[in-house]
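**Q** With chain A fixed as given, assemble chain B onto it according to the hints.
Protein chains: 2
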Amino acid sequence: MNNLPSGWFTEEFQNEGTAFSLKIKEKLHDEKSEYQHIEIYSTETFGNLMVIDGCVMLTERDNFLYHEMMTHPALFTHANPEKVVVIGGGDCGTLKEVLKHPGVKEAWQVEIDELVTRMAERYFPDLCSSNQDPRANFFFGDGIKWMSDVVPGSIDVIIVDSTDPVGPAEGLFAVDFYRNCMLALKEGGILVQQSESPLLHSKTIIKSVHQDMKKAGFDQVHTLPFPQPVYPTGWWSATMASKQKPLTCFREEDAQQKPFVTQYYNKDIHRGALAVPEFMKVDLDLD
Amino acid sequence: MNNLPSGWFTEEFQNEGTAFSLKIKEKLHDEKSEYQHIEIYSTETFGNLMVIDGCVMLTERDNFLYHEMMTHPALFTHANPEKVVVIGGGDCGTLKEVLKHPGVKEAWQVEIDELVTRMAERYFPDLCSSNQDPRANFFFGDGIKWMSDVVPGSIDVIIVDSTDPVGPAEGLFAVDFYRNCMLALKEGGILVQQSESPLLHSKTIIKSVHQDMKKAGFDQVHTLPFPQPVYPTGWWSATMASKQKPLTCFREEDAQQKPFVTQYYNKDIHRGALAVPEFMKVDLDLD
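Heads up: the sequence lines are chains A and B, in that order.
Last residue of the first sequence: number 287 in our numbering, and the count goes up by one each step with no gaps.
Last residue of the second sequence: number 287 in our numbering, and the count goes up by one each step with no gaps.
Same shape as in the complex, but just chain A (with noise of 0.2 Å):
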């Protein structure tokens, strides 16, 4: 049986039966705050890595398959998304993405733990560098609250990157939660969150939020799944809700003329990310 030396970060997905290992030059910052542990290292080949609470959160290197698939299939979904809310990513990395869209007017990033924040700003500068854009609006605050107490029907895209769904964002895994964000939805808006990974999750977590959006008035729902190395199995998922909108209609002209420049995300990208793998039909009573 082989075991890692020291000088590696390993993250053991205890229910999972599996773990991911980082080979680490040295750790830069452990900082407790109100909510979380966070931990920021120098890895030797994926850049600077945020962890919390003992989980990766991301890498300099990959975190631009999770940001741009949380964000570029939702926005090109919608017929013309002007005001968008992020509800967590507080390492500003969605955000980013979201204001690359010219037709965005205004976007909010709820996340409710400011260090994260200053962390990724210190960190991981890249992903903050869209931070001093005027559209760009910063609370630092719980996103279930801010949720609840928004203006009816004043938002088009609502993008719920969290944690995973243990410790403070179990709540934006529920009915409640989605309720909330049906109500605060324009006409044609869309709800998408992160839902885990198809192989470990589909007959789990992604089932319940497949069932709690719908319970929640979401008509139309459907996962979106992406590789994302650092993440369990490498393999992860956006899952996205609208009232009636088809979800997999998308404005492929304008992603096909994006004018902006993406790593992973494409047209055909998005095409494809829509097809549901066999497995996932049975696991989520498809078809």
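Derived from the structure by calculation, the hints contain no laboratory data.
Please note that a few of the clues may not be correct.
No copy labels: a pair is met if it fits in one copy or bridges any two.
The list that follows gives simulated cross-link-like pairs (lysine-lysine, BS3-like), each with its CA atoms no further than 25 Å apart [claimed, not checked]:
| hint | residue 1 | residue 2 |
| --- | --- | --- |
| 1 | Lys-281 | Lys-258 |
| 2 | Lys-243 | Lys-27 |
| 3 | Lys-245 | Lys-267 |
| 4 | Lys-100 | Lys-281 |
| 5 | Lys-267 | Lys-203 |
**A** Okay, now just chain B, sitting in the frame of chain A:
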């Protein structure tokens, strides 16, 4: 710095600065063949695991992703595949997928190490469940030599299901081998090869594979990414090549109506896997 206790199998990807671990129930087998060191473990959550020379080869739980994506895109791109040859693939999983196609009249598995197949028969019986099919043929020996001796213009699809391009498999990632494949293929024939991780190897191995296949006379080359949790980054690829036949067209209607069950592959997944991520267009000098 966390470290895993005993009871885990860990593969350290030394050049990549990452490691992947699976929780182990017990070691079932440990044997050295003429070519390599083969270990079989029972894992807590991924079923049985085969390890060759310290590298994870496959688990019962997730091998369907790899085997389906090595097989069905190539076979549904070919107009009428009747004779299919697997080079490597000793675990018989690719052969099993090939034999699902009723039009296949003759399938060969050319594996250098017979012990891999014996271990698969014992510890991965599901993968070997088509080994008694009268269309299945087995040759245990050097795939490079086999391909140089085969009757020219006799094969419809060649699937190179090999280990990494070091050690015994190195000669399978080379212009000379591809030239022999080109000679062995019938008109309209297709070659497909496992081609490592899009994130890690686009600029290196995948780019070399493209260049070498083109040098060998394959005008059309296309890389299809797919998830594969137990391989580095959890994201893997197959590279298809043909003399002239465009690889972005395939028998979509036949794929839609496939007369067999798959767990991942379907027509939309195939179409989706043809999408090229933005960074790969840059790394491979496409567009």
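**Q** None of the hints should be skipped; say for each whether it holds.
**A** Cross-check of the supplied hints:
In this assembly of identical chains, Lys-281 and Lys-258 lie within 25 Å of each other by CA distance solely across copies; the values are 16 Å between and 31 Å within a copy. In this assembly of identical chains, Lys-243 and Lys-27 lie within 25 Å of each other by CA distance neither inside one copy nor across copies; the values are 45 Å within and 51 Å between. For a Cα distance limit of 25 Å, the shortest separation of Lys-245 from Lys-267 qualifies both inside one copy, at 19 Å, and across copies, at 24 Å. Taking the closest pair of Cα atoms, Lys-100 and Lys-281 come within 25 Å of each other only across two copies (21 Å); inside a single copy the shortest separation is 33 Å, beyond that limit.
For the identical chains of this complex, Lys-267 and Lys-203 are inter-copy neighbours only, at 23 Å across copies versus 29 Å inside a copy, given an alpha-carbon limit of 25 Å.
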